[in-house]
Amino acid sequence: MLTPLLVIPLLGAIAIAILKPQFSRFLGGAFSLASLVWSLYLFSQFDLSLGGLQFSEFHRWIDPVGLNYSLGVDGLSLPLLALNSLLTLIALYTNRSNLERTRLHDSLILLINAGIAGALMAQNLLLFIIFYELELIPFYLLISIWGGEKRGYAATKFLLYTAVSGLLVLAGFLGATFLSQSPSFEFSDLQVQNLDLIPQLILLTTLLIGFGIKIPLVPLHTWMPDTYVEASPATTVLLGGIFAKLGTYGLLRFGLQLFPTAWQTVAPGLAIIGTVSVIYGAVSAIAQRDIKRMVAYSSIGHMGYILVAAAAGTELSVLGAIAQMVAHGLILALLFFLVGIVEKTTGTRDLGVLNGLMNPVRGLPLTSSLLILAGMASAGIPGLVGFAAEFIVFQGSFATFPIPTLLCIISSGLTAVYFVILINRTCFGKLDNDRAYYTRIGFSQQWPALVLTAIILYFGVQPNALLHWIEPTTNSLVVELHQPAIAQIATTNP
Amino acid sequence: MTTTLENPTAKIPPSTHKYADIIHRLEAGGSMLPDTEENLMQIIGIYKAYAVPMDFYWRDLLYIAERVFLDPLPFFKYFLPQEYLDLPNHYAGATADFRVWQKGEASAHPELLEFMDRGELKKKLPKLFHHLWHDRINMEFAEACMQAMLWHQGMGGQFYDYLESEEYLANCDRAIKAYFKGNPLMLGLYKLFPEMFYEKVRELSYYANLGLFWEVMAPVFFEMSDLYDEGKFKSVPDAMDFLVNGIFIAAGRPIYHHVYIGDECYEIIPKSKGFMWLYEAALPYVEAVFYRTAPFRGTKSYNAQAHQVPDEQKDFHYGILYADVFPVGTAGIPPTLLMQDMLHFLPPYLLEYYQNYCRGEDDMLIQLGITFQRSMYNVTSAVIQALRTALLYPLDDPNPEHLLKNRQFFEAQMDRFLRPEARLTDIQSQDYR
Amino acid sequence: MPNIVEIAVSNDAFKTLVTAVTVAGLGDALQQPGPFTVFAPNDDAFAKLLPGTVDTLVQNIPQLQRILKYHVVAGRYTTAELKEMDTVTSLEGSPIPIRCGDVFEVKNATVLAPDIEATNGIIHVIDTVILMG
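The listed protein sequences correspond, in order, to chains A, B and C.
Quick note: the first sequence, position 454, residue 454 per my numbering, numbers continuous.
Quick note: the second sequence, position 261, residue 755 per my numbering, numbers continuous.
Quick note: the third sequence, position 62, residue 989 per my numbering, numbers continuous.
Worth flagging that the hints you see were computed from the coordinates, not collected in a lab.
From a predicted model like this one, the values you see are computed outputs, not experimental measurements.
Watch out, some of these pointers could steer you wrong.
Some chain C residues close to chain B (C-beta under 7 Å, calculated; not the full set) [unchecked claim]: (1) Leu977; (2) Thr980; (3) Lys1010.
All C-beta atoms in this analysis are idealised placements derived from N, C-alpha and C, irrespective of residue type, glycine included.
Whole structure, please, built from the sequences with the hints as guidance.
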């Protein structure tokens, strides 16, 4: 059931590489659409009554090492899988006028799709690492070939940081497996709970730093603004929309799920780091002059919510965390997509230069309107998916971490501040007469944004359509988290 | 030295003004708009497209001033009766006082009639539907121009003073009483708030004023289009000179305000007051609409406390000569209304021209707006040259002192374009579109 | 001594002016005791006007009167007196700028023959029809 999600994009990548360049986008679209349809089919087959893994596949592969081909999905990974395929489709249809070497470009995008899908489905730690590291190569190539002016610098920085992230995660996995003397690297075989708290904490910290780079959390974020800004719009959509989500996914899957006891110990610290990220991201975004950089910093802030929610570890907050991953993936993809259009059309991302894009005839009225909507969604305006997710995050986390949650709520107000700055400068005001001979943006260049907007609106009005897929899994996740605590209390009580 | 002496403008030293080039061009009998074939084609095309809706504007302005008058609920003031569509233009057709437009008829322009009949939808629907769908001539633009004139007032001429005179109020009084005969409610209101009614009549007098002004301009523009089509215009100055002639032909036409109530005509402003088209209509119109007007709602915010709006009305600079045309397309603002009106009547050569630039069909409203701005710089040049002819000296005057006077006049006119909003520099280049 | 109208009628250079005054019905007014100062444009001055201008004015008497009144000032002003003044106010109401010194100019017109005495005033012959504004 799950293998097609790997095979389809791989076949697509091969087909694109072989066939003529003019077919590459069409082929890419067709294959990513096929994998999207397949993941939607999985939704229809998904049993909502089960909290655990479904559609599991298991094939022995390299027994001596403990590496098996073992896949499975639950409510945590399934929505992200669909998001992955959707954003691949969007990325392929992101503005690409004058794009050179389309075959390479498009097959790399499909390889990324396969890599991320594999990481999301892998139930063997080594398999996860393989996918987790594998998709760095296409990303590195995408940034260094199709990136902006400082693409070499950005791509190298990206590769260094994320490779370190992969190494740390690998170290954590190896340590966990060896220390707990598990028979294999199978996720289900690991019995880390039996370890003492100190080794558990060391392992968890290693993983936290590893995934923290990927998310990224302050102060491990420094690779991210450069990378996001230098990458092409299509790459940024994937980077921000789904790639960074692997970090939070790993945190929930391998941190919270594997180390429930240690998790509770580090949770307050995590909440503080998350809050710092939220505030840092928002305040830095306010200070930016470059709209893409502004959106990049906003991403740091919004990923912080996920960490706070994950740290709180209540049913509701973890549900919020996963919902926020999806919501933020959609919104960030839309923002980067639109910023990409603005940059391509106007030739600048400078807030001091851009203005009046709402102009009905000479501006980019539809793009601007969607940008305003995306900004509203990001700022958590009710009726859009950002609100639904953030509200659940706040509600779920407040009981556990009242002060960090309050600070996050205040920072979500800051989101409105920088989006008002962004929108006010770029969309409103007077269109500059000397510059405003922009070309027209046709429907063919905008429809991906409309698709994203439709989904953002739909989930905003009907959040349950998203949440009910996730809920059973978060319930079972959180039960595991609280059981040892209850057991401890039971034993310490005389 | 000897060669330059033959040039009449060389009798005085060159200007050191910021717009010295343009001043020298004006002194050589040129226009503020550079003399290029592209400019000539653009401005003539837009004059024609402007003249057709203008043919509606002037008729309806007179209809409102003369017949609708003080109707408290003027729902149908934009529904021109046949009588006003047939109203003979005094400068076209066989009955003309002076036949400016040689080939045209005195009644409404055929393209206008066709548009009124079928609209943009090209469907024969009841008039009311065309109206509500806004598929019609945007009279709101004409009213906006009228309001600019009403609001600024005091821009020369004797019209404004007369509106405050006892004689005018007495004329109003008779007309108001006759109009509301048998309507105790309105007569009671009149008794309570007479000033309000007078002010309303003053506004209607400006309707008449502007209607009579445009009655001249429409046939002038039609004739220019015909002459261009016949190949009789070779340059932008040709077109400007034709406008100067038109101004002098119409200069002496009376400006008046008559109201028809029942079968009787009430002369609110009688022709015998001697008000003249040039002094009481044309010059105030140019001043109010081309230079001053007021900022439009919805395009840009101004902070009056920060002196972003001038303290003095005479320093207002929101007219077409200073206008930022790019917001055209914003719903409801007067420039959009006018450009929309002109869009319906563009000559084929201009349509084709716009297709080739910028966003083609999509931003035609702005492209034609900028063409309109160019054309109005040419009209303003004509006004400046006409004033120079009337009040100063010929361009080839042998007396250097007279030439210096002309120079001072031109420089004073150009001083008005020194403020950064002026588009005079932009229109020098063909890339501004 | 003849009055203003008589001088104008007797002089061949004022045919257009006389016609205009007659059409405008101002002939009687200018025979009044006054006194008036008249800046009288000769036929060449009228000929300099652009075509159509006169046609329209002749069709519209009040407007023609207004233009003509602009050429008339109440009172008798000789060159010597005008030397002391920058402007005089016309019967029309608008001011007429005067430059009287080395040259004798009335607005944008040059005086060709100053100080022609009449019983009810004085005439200065000018070479251009002056206009308000």
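Checklist entry - Against the structure shown, which of the earlier numbered hints fail to hold, in ascending order? => result 3
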